[in-house]
Amino acid sequence: SQQGEEDPQALSIQEGENATMNCSYKTSINNLQWYRQNSGRGLVHLILIRSNEREKHSGRLRVTLDTSKKSSSLLITASRAADTASYFCATDAGRYTGANSKLTFGKGITLSVRP
Amino acid sequence: DTEVTQTPKHLVMGMTNKKSLKCEQHMGHRAMYWYKQKAKKPPELMFVYSYEKLSINESVPSRFSPECPNSSLLNLHLHALQPEDSALYLCASSQDLFGIRRDNSPLHFGNGTRLTVT
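In order, the protein sequence lines correspond to chains A and B.
For the first sequence, the residue numbers in my numbering are 1 to 115.
For the second sequence, the residue numbers in my numbering are 1001 to 1118.
Take the hints with a grain of salt, since some may be wrong.
[Stated by the list, open to error] Only part of the chain A face toward chain B is listed, based on derived beta-carbon distances under 7 Å:
#, residue
1, R41
2, L43
3, H45
4, G59
5, R60
6, A85
7, F88
8, F105
[As the list claims (entries may be wrong)] The calculated SDA-like cross-link candidates involving lysine to any residue, where the alpha carbons are at most 25 Å apart (straight line), are:
#, chain 1, residue 1, chain 2, residue 2
9, A, K107, B, P1061
10, B, K1038, A, E15
11, A, K102, B, L1045
12, B, K1040, A, K56
13, B, K1041, A, N22
14, B, K1040, A, T20
15, B, K1009, A, S12
16, B, K1038, A, S24
17, A, K102, B, M1015
18, A, K102, B, M1027
19, A, K102, B, K1040
20, A, K102, B, G1014
21, A, K26, B, N1057
22, A, K107, B, S1105
23, A, K102, B, Q1037
24, B, K1040, A, S39
25, A, K102, B, H1026
26, B, K1022, A, T84
27, A, K56, B, D1096
28, A, K102, B, V1060
29, B, K1041, A, S73
30, A, K70, B, K1041
31, B, K1041, A, E53
32, A, K102, B, Q1095
33, A, K26, B, S1086
34, B, K1041, A, S24
35, A, K102, B, K1018
36, B, K1018, B, H1079
37, A, K107, B, H1026
38, A, K107, B, Q1037
39, B, K1038, A, S86
40, B, K1038, A, K56
Simulated from the structure, these hints should not be mistaken for laboratory data.
From a predicted model like this one, the values you see are computed outputs, not experimental measurements.
Heads up, the beta-carbon is just placed ideally off N, CA and C, and yes, glycines get one too.
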């Protein structure tokens, strides 16, 4: 079963608007990461938030983490057409002690930013 | 452009063929991964290598055989594949499995090999 579950599954917005994507997960985590994937390409790491952090910023990205609700949100401010991509949350929950060893990706959100 | 290089970009093979996918990174990363991704689905972990040793095999069928000749290279040998194995195969690397203070170090992905099995 998917550890991470994003919603909405698809999001279409106008350039300049903000995009908010949510991720829920089921088990305890060490960290949560967000990745972006352009069509037909590999995934690109965007941001990592540790389980003891509540909010983190990186440029136009803001990530929040609520471990009590087992959820995270990714906010992209002032969106651009180039932000059009699929976005995945990823968690490392699993039976292995290596933090990276079993990164599980959510189903993904398709973001379309209209020029 | 990605620092993880995968070749070939596209591969079409018959069910009786033997082929190999190659992955290379020169970032000094000691953990390398193979993921499989079907259309409109998330990547699924197949194998993890740590310091050139196989650390995780996610119950992948034996028609997929990974190999890590050295710390920079990762291969995936394919034999007797099925049409349902058609997918995007992604290689990734990270600093190591444990990172600093047991934190994650991010995964760096290649752009993948688009495999079609006919």
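Hints and how they fare:
no.: 1; hint: R41; result: holds (5 Å)
no.: 2; hint: L43; result: holds (5 Å)
no.: 3; hint: H45; result: holds (4 Å)
no.: 4; hint: G59; result: violated (15 Å)
no.: 5; hint: R60; result: violated (18 Å)
no.: 6; hint: A85; result: violated (13 Å)
no.: 7; hint: F88; result: holds (6 Å)
no.: 8; hint: F105; result: holds (4 Å)
no.: 9; hint: K107(A) x P1061(B); result: holds (23 Å)
no.: 10; hint: K1038(B) x E15(A); result: violated (29 Å)
no.: 11; hint: K102(A) x L1045(B); result: holds (8 Å)
no.: 12; hint: K1040(B) x K56(A); result: violated (28 Å)
no.: 13; hint: K1041(B) x N22(A); result: holds (17 Å)
no.: 14; hint: K1040(B) x T20(A); result: holds (20 Å)
no.: 15; hint: K1009(B) x S12(A); result: violated (30 Å)
no.: 16; hint: K1038(B) x S24(A); result: holds (22 Å)
no.: 17; hint: K102(A) x M1015(B); result: violated (30 Å)
no.: 18; hint: K102(A) x M1027(B); result: holds (21 Å)
no.: 19; hint: K102(A) x K1040(B); result: holds (21 Å)
no.: 20; hint: K102(A) x G1014(B); result: violated (31 Å)
no.: 21; hint: K26(A) x N1057(B); result: holds (23 Å)
no.: 22; hint: K107(A) x S1105(B); result: holds (22 Å)
no.: 23; hint: K102(A) x Q1037(B); result: holds (16 Å)
no.: 24; hint: K1040(B) x S39(A); result: holds (10 Å)
no.: 25; hint: K102(A) x H1026(B); result: holds (23 Å)
no.: 26; hint: K1022(B) x T84(A); result: violated (29 Å)
no.: 27; hint: K56(A) x D1096(B); result: holds (23 Å)
no.: 28; hint: K102(A) x V1060(B); result: holds (15 Å)
no.: 29; hint: K1041(B) x S73(A); result: holds (20 Å)
no.: 30; hint: K70(A) x K1041(B); result: holds (22 Å)
no.: 31; hint: K1041(B) x E53(A); result: violated (29 Å)
no.: 32; hint: K102(A) x Q1095(B); result: holds (15 Å)
no.: 33; hint: K26(A) x S1086(B); result: violated (30 Å)
no.: 34; hint: K1041(B) x S24(A); result: holds (17 Å)
no.: 35; hint: K102(A) x K1018(B); result: violated (28 Å)
no.: 36; hint: K1018(B) x H1079(B); result: holds (5 Å)
no.: 37; hint: K107(A) x H1026(B); result: violated (30 Å)
no.: 38; hint: K107(A) x Q1037(B); result: holds (11 Å)
no.: 39; hint: K1038(B) x S86(A); result: holds (14 Å)
no.: 40; hint: K1038(B) x K56(A); result: violated (31 Å)
Checked against the numbered hints listed earlier, the structure breaks hints 4, 5, 6, 10, 12, 15, 17, 20, 26, 31, 33, 35, 37 and 40; every other hint is satisfied.
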